[in-house]
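So the sequence lines, in the order shown, correspond to chains G and L.
Residue 102 is where the first sequence starts when you use my numbering, and the numbers rise one by one after that.
Residue 102 is where the second sequence starts when you use my numbering, and the numbers rise one by one after that.
Since the hints were derived computationally from the structure, they do not count as laboratory data.
Check the hints yourself; a few may be wrong.
Identical copies look the same in the list; a pair holds intra-copy or inter-copy alike.
[What the hints assert, rightly or not] Taking lysine-lysine and the DSBU-like style, the derived pairs with C-alpha atoms no more than 35 Å apart in a straight line are: (1) Lys418 <-> Lys114; (2) Lys300 <-> Lys276; (3) Lys418 <-> Lys246; (4) Lys114 <-> Lys300; (5) Lys440 <-> Lys278; (6) Lys418 <-> Lys300; (7) Lys418 <-> Lys278; (8) Lys278 <-> Lys246; (9) Lys418 <-> Lys440; (10) Lys406 <-> Lys418; (11) Lys418 <-> Lys276.
Protein chains: 2
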Amino acid sequence: MSQLGKQSVQFEKPVYINGSASIVGTKEGEGPLGLLFDMVGEDDMFGAQSWEEAESSLQKDAVHMALGKAGRRAEEMRYIFAGDLLGQSIASSFGLMNYEIPMFGVYGACSTCGESISLGSLAIVGGFADNVVCVTSSHFASAEKEFRFPLGYGNQRPLSATWTVTGSGAFVLGKYKEEKTRAEIVGITTGKIVDYGLKDSMNMGPCMAPAAASTIAQHFEDFGSVPEDYDKIITGDLGTVGQRVLLDLLRDKGYDISAQHMDCGIEIYDADSQDTHAGGSGCGCSAVTLSAYVLKQLEEGNWKKVLFVPTGALLSKTSYNEGQSVPGIAHGLVLVSPK
Amino acid sequence: MSQLGKQSVQFEKPVYINGSASIVGTKEGEGPLGLLFDMVGEDDMFGAQSWEEAESSLQKDAVHMALGKAGRRAEEMRYIFAGDLLGQSIASSFGLMNYEIPMFGVYGACSTCGESISLGSLAIVGGFADNVVCVTSSHFASAEKEFRFPLGYGNQRPLSATWTVTGSGAFVLGKYKEEKTRAEIVGITTGKIVDYGLKDSMNMGPCMAPAAASTIAQHFEDFGSVPEDYDKIITGDLGTVGQRVLLDLLRDKGYDISAQHMDCGIEIYDADSQDTHAGGSGCGCSAVTLSAYVLKQLEEGNWKKVLFVPTGALLSKTSYNEGQSVPGIAHGLVLVSPK
């Protein structure tokens with residue numbers, strides 16, 4: 102491997118995504134990607150007694166299915182890299198404890214999917230692990246309670262608001278290529294916190310867009326690449342409002358990615374018929390879209406190379422209510438087709 | 102490096118702690134280690150407008166001082182590994198954004214100091230970085246508000262309760278040994294979540310002790326070592342109640358560490374005169390004790406080899422109020438004297 106430029110690492114030998122799984126709630130199941138998810142819940146409680154417990158069960162089941170698809174047992178996983186949006190990451194703690202896998206808890210808001218896969222990849226490339234599993238989740242109801250208002254309040258949502266995805270995506274990374282390899286991770290660009298001073302937790306796309314622009318522009322610089330080198334450049338959950346900001350900011354930096362750009366938050370719902378306003382968001386948004394849709398395209402060879410950039414808004418209800426801004430962070434992964 | 106046993110990595114070449122710093126609040130400054138800390142605040146607001154902002158300023162200043170002591174600039178740090186106890190880790194996000202260092206946010210409750218240094222070490226040993234900085238913090242007032250009751254309520258605390266340390270410790274890790282090297286990291290043992298079903302957030306020592314016992318016993322097994330191989334075996338914040346549980350549990354597993362055991366939570370306050378009950382706790386507890394006291398002993402050669410095991414209680418106020426247990430996790434670092 103080699104350290105590349107300011108924020109990137111290029112792997113001499115790829116890391117392989119040898120299995121993955123996605124579980125979503127009913128609304129996601131009714132969306133444009135509905136048929137691609139591995140499992141759609143019958144209701145959004147998933148048999149649990151609370152929203153938080155429901156989110157834990159999402160992580161547990163996603164890991165279980167990803168291991169099954171990779172043909173691996175939990176004992177073969179050297180580390181689990183996991184996180185979610187809830188305070189003190191309780192969805193992960195309570196969902197994953199029974200696996201008894203040495204655990205690194207991570208937090209990068211909705212960028213956590215990118216962060217967990219970045220660190221999992223480094224563990225494998227560094228020789229510390231042959232197999233790791235990375236998992237992230239979000240849940241509409243637990244997130245609204247955590248960040249904004251309990252659902253029972255029935256508060257109104259502005260058109261700029263995003264809809265937190267109920268879902269979890271898990272990824273089994275391995276040192277060796279297998280027949281079931283879905284994609285190869287060949288490099289990463291790790292984001293730094295970027296804050297343009299925006300303060301609206303009901304309009305998080307523009308809060309995160311500067312971080313996405315920073316990571317993507319730095320990625321091009323570090324790798325000496327241009328937008329045309331990628332079939333797709335995929336952000337996590339900027340939504341329709343954030344997308345416009347991202348494209349504008351990158352144009353100012355000299356990059357036009359309008360032909361390649363895709364946003365998981367825009368893809369996962371049909372905004373017109375599903376009343377989801379600016380799009381989907383949450384750790385689960387990029388994770389389930391990666392597993393169900395992006396990896397499928399890479400696996401089938403429809404796309405050769407993708408820059409996948411989950412985006413996170415680093416707010417809490419405390420920071421919001423204390424009048425702080427909403428800083429963003431975004432972590433990039435370079436994924437190539439195994440074909 | 103080599104993967105060792107079930108949960109450990111032994112480094113062929115050590116990682117060097119080339120600078121560190123500790124900042125604490127007034128109460129910690131009045132405690133037994135008071136004269137050893139690099140900075141003691143005049144009051145616990147540290148010039149900020151809120152407790153959360155105060156905690157952010159602790160992290161910011163700790164990193165600044167650690168960089169200064171290591172003779173490094175922020176731009177030389179390839180990554181920052183950071184976390185705290187607050188929901189969505191806002192102490193880190195708002196404290197560290199101005200450094201513009203690529204960031205991996207981590208969460209392991211009060212074990213976060215061990216987790217951040219573990220991941221920082223792997224980044225260096227793996228060849229992905231020459232220098233990284235790891236920082237964690239806690240603040241008595243922000244933690245009480247986050248986990249239990251706002252201070253204004255004046256609630257009573259049982260004798261089993263611990264007192265969250267106001268403080269932050271930062272560590273600059275490097276690939277190369279320098280004259281200012283304070284200690285060498287030669288291996289890690291990564292913990293898994295352990296839950297004995299205890300539910301009392303006012304008695305967290307016993308909640309975390311099973312995780313500490315699990316990590317320490319696995320460490321001995323993975324490294325083929327015995328308690329006598331270490332000058333000290335140091336847990337993060339079990340306090341006096343948790344210490345008894347830890348020693349009992351390890352005795353049951355065939356290890357007597359009573360001669361080597363030390364707990365940062367017990368060392369940092371004088372329980373009798375400071376009314377801190379079972380001891381100190383929080384991410385800051387192990388971090389500032391490591392920087393001010395443990396590294397000093399290693400630096401001076403008074404101790405040759407130490408097993409340092411920060412311990413975390415994976416609860417949130419939501420999980421607690423929903424009747425969930427308090428699972429624990431503990432991450433071990435093997436530190437040796439540079440002499």
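Verification of the hints:
1. Within a single copy, Lys418 and Lys114 get their C-alpha atoms no closer than 42 Å, and across copies no closer than 43 Å, so neither meets the 35 Å cut-off.
2. In this assembly of identical chains, Lys300 and Lys276 lie within 35 Å of each other by CA distance neither inside one copy nor across copies; the values are 42 Å within and 40 Å between.
3. For a Cα distance limit of 35 Å, the shortest separation of Lys418 from Lys246 qualifies both inside one copy, at 10 Å, and across copies, at 13 Å.
4. Taking identical chains as interchangeable, the C-alpha atoms of Lys114 and Lys300 are never at most 35 Å apart, the minima being 42 Å within one chain and 46 Å between chains.
5. In this homomeric assembly, Lys440 and Lys278 come within 35 Å of each other (Cα to Cα) only inside a single copy, at 11 Å, whereas the closest approach across copies is 44 Å.
6. In this assembly of identical chains, the alpha carbons of Lys418 and Lys300 lie at most 35 Å apart whether taken from the same copy (12 Å) or from different copies (25 Å).
7. In the homo-oligomer, the alpha carbons of Lys418 and Lys278 never lie at most 35 Å apart, since the shortest distance is 43 Å inside one protomer and 43 Å across protomers.
8. Proximity of Lys278 and Lys246 under a CA criterion of 35 Å is satisfied in neither setting, with 42 Å inside one chain copy and 48 Å between copies.
9. Taking CA atoms no more than 35 Å apart as the test, Lys418 paired with Lys440 passes in neither setting, with 45 Å inside one copy and 48 Å between copies.
10. Proximity of Lys406 and Lys418 under a CA criterion of 35 Å is satisfied in neither setting, with 37 Å inside one chain copy and 43 Å between copies.
11. In this assembly of identical chains, the alpha carbons of Lys418 and Lys276 never lie at most 35 Å apart, being 40 Å within a copy and 39 Å across copies at closest.
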